[in-house]
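Engineer: I would like the entire structure built from these sequences, with the hints used as guidance.
Protein chains in written order, with this note's numbering: chain V, 1 to 198; chain L, 1 to 341; chain B, 1 to 969.
Hints were generated in silico from the structure; no laboratory data involved.
Careful, some of the hints might be misleading.
[Stated by the list, open to error] Facing chain B, from chain V, some residues (calculated, C-beta under 10 angstroms): (1) N42; (2) K45; (3) R49; (4) Y135.
We put the beta carbon where it would ideally sit given N, CA and C, even for glycine.
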Amino acid sequence: MARMKFLCDADRCIECNACVTACKNEHEVPWGINRRRVVTLNDGKPGERSISMACMHCTDAPCAAVCPVNCFYTTADAVVLHSKDLCIGCGYCFYACPFGAPQYPRVGNFGSRGKMDKCTFCAGGPEADGSKEEYAKYGANRLAEGKLPLCAEMCSTKSLLAGDGEIIAQIYKERVVKRGYGSGAWGWKTAYRESIAS
Amino acid sequence: MRTRLAHIRFIIGALALAFVVAVAAPAGAQDRNPDGSVNPTASAVNEEQLLNALRGGAVSGRVTIPDQKAATLIQPEGQVWRDFHEVTLRWIGLIAIIGMLILLVGFYMWRGMVMIQSGRSGRVIVRFNGFERFIHWMTATCFIILAITGLNITFGRPLFASAFGSEAFTTWSQWAKYAHNYLSFPFTIGVVVIFLMWIAGNIPNRTDVEWVKQGGGMVDPSKHPPAYRFNAGQKMMYWIVVLGGTAMAITGYIMMFPFYVTDMAGMQFSQIVHGVVGVLFVAAMLAHIYIGSIGMEGAFEAMGTGTVDENWAKEHHPLWLEEQKKGPAAGGARPMATPAE
Amino acid sequence: MLIKRTERQSRRANLATALTQPSGGGLDRRTFLRRSGLAAGGLATLGALPLGSVRKAAAAGPIPGAQTTIRKNICTHCSVGCTVVAEVQNGVWTGQEPGWDSPLNRGSHCAKGAATREIVHGDRRLRYPMKLVNGQWTRISWDTAINEIGDKLNAIREKSGPDSVYWLGSAKFTNEGSYLNRKFAAYWGTNNVDHQARICHSTTVAGVANTWGYGAMTNSYNDIRNAKTIVFLGSNAAEAHPVSLQHILEGKELNRANFVVMDPRMTRTGAHATEYVRIRPGTDIPVIWGMLHHIFKNEWEDKDFIRQRVYGMDDVRKEVEKWTPEEVERVTGVPGAQLKRVAEMLAKQRPATMIWAMGQTQHTVGTATVRASCTLLLATGNVGFSGTGANIFRGHTNVQGATDLGLDIVTLPLYYGLVEGAWRHWSRVWETDFEWFRSRFADPKMMNTAGIPSTRWFDATLLPKDQVAQKDNLKAMFVMGHGGNTVTRIPEAVKGIEALDLLVVADPVPTTWAAVSDRKNDTYLLPVATSYETAGSRTASNRSLQWGEQIVKPIFESKDDLEVMYLLAKKLGFADRMFKNIKVENNLPVAEDILREINRGGFSTGYCGQSPERLKAHMKNQAKFDLVTLRAPKDDPEVGGDYYGLPWPCWGKPEIKHPGTPILYNTTLHVKEGGGTFRARFGVERNGVSLLADGVYSVGSEIRDGYPEFNLGVLKKLGWDKDLTAEELATIQRINSANPDAVSWAIDLSGGIQRVCLEHGVMHYGNAKARANAFGLPDPVPVHREPIYSPRPELVAKYPTLPDVKAQFRVPNLGFTVQKQNVDKGIAKEFPIILTSGRLVEYEGGGEETRSNKWLAELQQDAFIEINPADATARGITDGAWVWVFGPADTRPKARVKALVTERVGRGVAWMPFHFGGWFQGVDQRSKYPKGSDPVVLGESVNTLTTYGFDPVTGMQEPKATLCQIRAA
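Structural biologist: Below, the structure written as structure tokens:
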């Protein structure tokens, strides 16, 4: 069974934000919710690197661990999803998440931040695959159609990789060998407790 | 446990520090060309080096969207907070609350109810007027609900989620959260009024030293240590309520309006304070409830009817009783504590 | 634990059913997805809690039960030519998928490409025609609009002549739209017709064409994969052409290539460089000459290449000698050792390529800078082979095509020039009497007089009548698909807008034209379809033509550009003549017919072989083209042997199946396989020195040396005229019955001369040397000239700009006077910071369209200025704070923007993105937009601050090097 992962090759990422708008486009994500974002480190300095970040679908996901109501679940593909019907909008997952993935429709209305929203690895939610309810709450379910997340599919420089962890790790390793440098598979150690030797 | 607490303390300053380090941790000198000009590829920031340099601090950069929280790429502190929430807090809560219960049961079995030694006199004296009692009970009711709904957030899922089923537990938790949020307002008002209302009688003084020396009379029932309106034990409870309540209110409102006044580290810290103070508060209140009910004969009336038996007063608050008998002109007595007749 | 209900098997089953179902276009994946507003259930019943739905109720999304059709078009936001794959249901564009098959983008997009769906269905578009009535936007019908506009145009023509109307077209037109717009101006009777190329690559086109023949990128994005050394001078491709970085970064990795970025800013491209060189804005020529100095000094030049294929390199040598490392460092700030290293890479680690964009072109010395770059490539033998070349990244989908098709003040379609022969050529193609054209112009002389550049239109409006070299001032602007905030000196442009008798803006969005001025009347807004609602071909930067299908019908009351032009031509009375050979269906001219007409006349530039049928076959067979060579396997029945998109020149008639030319001037290929030579465009000799190539020729050539261009006479001399068919010969004789021998390859409508030459392996345009000395241009050998607003007054005396000209493109160019005044007045002291401008990845051009796209607008919500920390600290400016930026022009303009304090810019340099508009000198102009059509994000335009200064060859403005002062707001 595939173990789905994201990998951002920072030596390819040019902060073009295609992943961000592809996500908006595919799921009609409203203004203010950023399921995916690009962070630039050392902005404007030599050594600047940009990294596209969203939910990494962690092994032993912190969000799921701290959720007071157990709204998270992991699919057979190891994608971490959640149920908006169960979410109470407490915001704890955001405190625990190492990657700032959870998003909330409101900044804080007497503690109700609305139903948490996050990257689904284009795999929808608990509703029936491809149902209108699923689309309304979580957006498209590309995985069910045999497609991978659109952010990675549309990445301008093929920096953002999505898919089976072993395959994308292999792709990254080969790149590093070929070009002779690599700034690391960002977030992998935190999310999957493994790093790719480079 | 020690290391964990150290971690928690570290969180406070971590974010600010992290930013500084992130900025200051670019390339080494070997990444430059022979003439000193830069080679941006070779000097690229490397994840492993950066994380090592930050020693657990957050990796931050620049984002163009206004949400500056998004500028944090990786925040390892989340793991520390998760550990606190899942492990540390549960242990503290368990020890404090269960420990207190065990203590109280043990004490009750050893000492039983503290009786009025000289028996009831039949004469009563007003101890708390209607307003005071209203405030007390309003605050107390809020506290109990806040405590239960609060404990639910930390202990509810492992205890009940599977038993109730996800949907039912969520529905309950959702309502619990609303109750927790909205009842915080009357609770906070209660704490503020309590602070103002009883501050005069709760300034620690020399009498308290004597009272503490005599163990508050709890150990040796024949002894009746001196006390004005509030004895040292009650003063302690007063300050636990005022300070603890303030801490709960401040951290609670920070969490209710997330990121308005603080950043991620501040939010995590607020939750930590709220959690720790919360469970300790619950433990303390258990003791308060005990002593105000089955722990002592004649105590409940003070908040129940508002009056106490004179003999009870003589044994537990002799100095206060003297004041009351001298009348309002005497120093230290509060007009509102004057008998109603 | 909640487990996802569906198992993998059932998912596969879904996919399998979808694949086996007979659906219209590919995977019918969203058939069962339904639109819905709110999902009820669970906690939604709790009332107080709005259930977190990520979807807003309005706008597009999958439609219930509808058939999904896949349509392909081309992204409009830069020149890479990314294929956009649209899923259409019930006529609504409901989803975008990666266009994996395209060899240009392989499924990839940038932020803009991945958000194009919103451009079409966005709610900020113009919905119906409107006009200003006493300052109020009022809805009118299309009929009213066309009638009123037509009457007003005729009145202006009557009173002031045809040259008082300016037709400003667009790089977002299809080739057919661009061509039709140029043709329209010809039928109207003016050469005042222009588009965005004026302000982006006009200097490139002029510079490159004057060096070796054609004004375009020599190689392709894909071919950069072959380079060993890649030098960016004046390009931030990572933000301006993000998908090109896919090829460039992969090439860099595979070849371990040198990746050199020379730029005033450490750009996003610079972040991936192996060498970053910081230069002072406006000193590109000294930087280039500095490199060449090292090359000549160390004899690293390619001597054989220079001897065989370059004219005038010795003249360059003399100029370059002056640029010692010390002088270069003094002028540009680049250390000699670093420059030497880059020069050595270029010369020794070949193939090497140079990449540029606006950083080189947008200067008063733009053309000269481009020629210096070409010279550097020529000196190191880096042109005409795989992995080499001048890779010039253009800015819009079709800015290359629009330039080619003559949407320009100096030429007729396909660079035929403004000469009688050219007019006669197109008269033959258009089957319209040459004399009739003559009658349409104010006087016959104006027919051959270059028009007013789009950078100067408001000067032509505001200057005293006697200073404008035409019958009267400009009185009307007819703007199609062109922003108003893209030209420098906006405070003056605003006055110009207010002085116009008529302003018509035909665009999907109102643009700043509609909002920036205080006009009260005589202003029209016509809603026009976006490029995605238009069928036709687009020419990418690499000269590949791609056919885009109409994705959806124009929404609201929008009309296709072609239809607008037709309706107006009809109103103005020349539609029958103009559309003589073009079928018109329901007022919409058929794009295929227009392309066929282009094919019939487009011999000069090789736009003759790309028939609509061939282009459509390419789009259908995208997957067959190789990623690196762009070539399809020879045995393919439909596109066998073709290069993707038949990159021009694609010679001869479509039937001879020339495969296109992926690399210009490539002598290592047979001309029938896309090979070529430098063009013999400038004569055969000069001062006794031959201009023809010396001992080199393309593979398989029957002439084994340089040769001039061909006409029937030359064919006869070689005895090759016998190879012409009778039909071809008859056509040639018809063209010039008096002297058929003079009929050249470019005006031979039979294509016979080209066909016969190709058969003999020779290039009909000749085989010449490229010119390092471009005699005939100002500064035939490029020399450094300080910007008009130079930060180094002490250098102005040594490197002054060219003298004033009274009438350059019909208006005065007073650069010298302004530069001198600036030195005298000490402007550089008062405005000590160099201001330069550039592109953000999220927006494009003036930005009205992209700033109206909420997915993009969210990512850049404020106009800003990048300031070096040292300059910021000295002024008490903190990151994110508001600042006032003051411009040095006499109008004393100012702009209020946010500060971005960063080391990206060097000390004393500030940078602003040029996409913002809708604020003017601190005032929010949102209320001036028609209600509901205001862009999501507004901000100050950098061009409020940019200043005077124009390239003498093209009228290019100078927004890349001016001065400013910054204060905390």
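Engineer: Which of the numbered hints above does this structure break?
Structural biologist: Structure breaks no hint.
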